[in-house]
Amino acid sequence: MVDAILGLLLCQLIGEIVSRALNLPVPGPVVGMLLLFTVLRWQGKVPAPLETTAHNILAHLPLLFVPAGVGVIVHLPLLSREGAPLLAAIVVSTMVTLLVTGLTIRLLRNRKG
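Position one of the sequence shown corresponds to residue 46 (the working numbering), numbered consecutively onward.
For the record, the hints were derived by calculation from the structure and aren't laboratory data. There could be a bad hint or two in this list.
Distance ranges between label pairs, derived from CB positions [said to hold, decoys possible]:
(1) Gly114 <-> Ala66: 45 to 51 Å
(2) Trp87 <-> Ile135: 35 to 41 Å
(3) Arg86 <-> Arg154: 17 to 23 Å
(4) Glu61 <-> Thr139: 24 to 30 Å
(5) Val117 <-> Thr142: 18 to 24 Å
Only a predicted model underlies this, so the values are computations on that prediction, with no experimental measurement involved. Each residue gets a CB set at the ideal place from its N, CA and C atoms; glycine is no exception.
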């Protein structure tokens, strides 16, 4: 389990270094996830220790949303003033995401045959 956590952290660290060195507009952890995805695709399978560790981390994922929820409560006055623009941005970005995802799936399905 420790090896798997170290591997995940190493991917994140490499992603952070690459993102900063190349001045990418993408956060380092995202680059690290892409690196991890590439390595796992190259291997053809997920090693058992990594799979176990990932399941254990995901089991505790809801705990990571507590600080965000507290932050929302702390900034409630700001949200009440700026609520309409925020809601509009959330709705529009969600619709754009759904549209792009649908088009991507359609493109990939057509390419497969």
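Against the structure, the hints:
1. Range check, Gly114 to Ala66: about 35 Å between beta-carbon atoms, so the 45 to 51 Å window is missed.
2. The beta-carbon spacing between Trp87 and Ile135, approximately 37 Å, falls within the hinted interval of 35 to 41 Å.
3. Between Arg86 and Arg154 the Cβ separation comes to about 20 Å, which falls inside the hinted range of 17 to 23 Å.
4. The given range of 24 to 30 Å is respected by Glu61 and Thr139, whose C-beta atoms sit roughly 28 Å from each other.
5. A beta carbon spacing of about 21 Å between Val117 and Thr142 agrees with the range 18 to 24 Å that was offered as a hint.
Hint compliance for this structure: hint 1 is the single one not met.
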